[in-house]
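2 protein chains.
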Amino acid sequence: MSRIDEMNRILRTLQSGTPEIEAAAVISEDGLVIASALPQHIEEVRVAGMSATLLSLGTRAATELGRGALEQVLIRGARGYVVMMTAAPGTLLLVLSTQDAKLGLIFLDMKRAAAELGKVL
Amino acid sequence: MSRIDEMNRILRTLQSGTPEIEAAAVISEDGLVIASALPQHIEEVRVAGMSATLLSLGTRAATELGRGALEQVLIRGARGYVVMMTAAPGTLLLVLSTQDAKLGLIFLDMKRAAAELGKVL
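For the protein sequence lines, the chains are A and B, in the order given.
Using my numbering, the letters of the first sequence correspond one by one to residues 1 to 121.
Using my numbering, the letters of the second sequence correspond one by one to residues 1 to 121.
Hint data in this document are derived by calculation from the structure and do not stem from the laboratory.
Glycine included, each C-beta is placed from N, C-alpha and C at the ideal position.
Please note that the accuracy of each hint is not assured.
[As the list claims (entries may be wrong)] Simulated coverage check for chain B against chain A, where a stretch passes if three residues somewhere in it have a Cβ under 8 angstroms from a Cβ of chain A:
(1) 41-49
(2) 62-74
[What the hints assert, rightly or not] Below, in silico cross-link-like pairs of lysine to aspartate or glutamate (EDC-like), each with a Cα-Cα straight-line distance of 20 angstroms or less:
(3) K111/B - D100/A
(4) K102/B - E20/A
(5) K102/B - E29/A
(6) K111/A - D100/B
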């Protein structure tokens, strides 16, 4: 199995294991999508662009407000969550979930997926 | 007690009730500080500017990624959290905490403070 296939498998497992997770993607620190499991109505290019912006702003906010190196960004909207966390060095795991998601479970599943991705990347 | 005094009291209660909360501020949607309880080493102007940026980016991310209207932004760094949530309409409550903070407790205390602020604003 290629590295991309392996990453896609990890993302699909993450997505199917928690019904509240609508989309998952591995993104490089430059905001390029490495692998993704996105539903049809969510465009990859939009996710990538927004991840890059969130990453750069999150890094700036964490540093300027004395919180150290960025580890995670969470955006909660009325219709769900955007969660981004560092996976392997230089890469990020992004998840979009519905508003019914239990955050603790999402964080746990994402940490596990990030650790698995770390072995592949 | 003036509205500002009342807000300062709510912020100080929030800050003193949870030792992990280092700073708290009420910010307008334009990124102007309305009231704050900040330690000396954290500059108000820096907090205000960063809040305005986080707010505009968070709103864009939530909308573009189909998550609806923005309700909360969380940034986790190696040395702690930045949490921002809507308080009264048009205002935000921002909290800086150490890395030892229990997120669930911070969210709970912030929601209570936001509800109290809503009565004053």
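Status of each hint after checking the structure:
Note: the segment 41-49 of chain B has 4 residues with beta-carbon separation from chain A under 8 angstroms; the three-residue rule is met and the coverage holds. Counting residues of the segment 62-74 of chain B whose C-beta sits closer than 8 angstroms to any C-beta of chain A gives 13, which meets the bar of three, so the coverage hint holds. At most 20 angstroms may separate the alpha-carbon atoms for a hinted pair to count; K111/B and D100/A meet this at roughly 18 angstroms. Simply put, K102/B and E20/A have alpha-carbon atoms about 23 angstroms apart, too far for the 20 angstroms limit, and the pair is violated.
Proximity of K102/B to E29/A is assessed by CA-CA distance (about 28 angstroms); at most 20 angstroms being required, the pair is judged violated. In summary, the hint linking K111/A to D100/B is supported, as the alpha carbons are separated by about 18 angstroms, within the 20 angstroms threshold.
Of the numbered hints listed earlier, those contradicted by the structure are 4 and 5.
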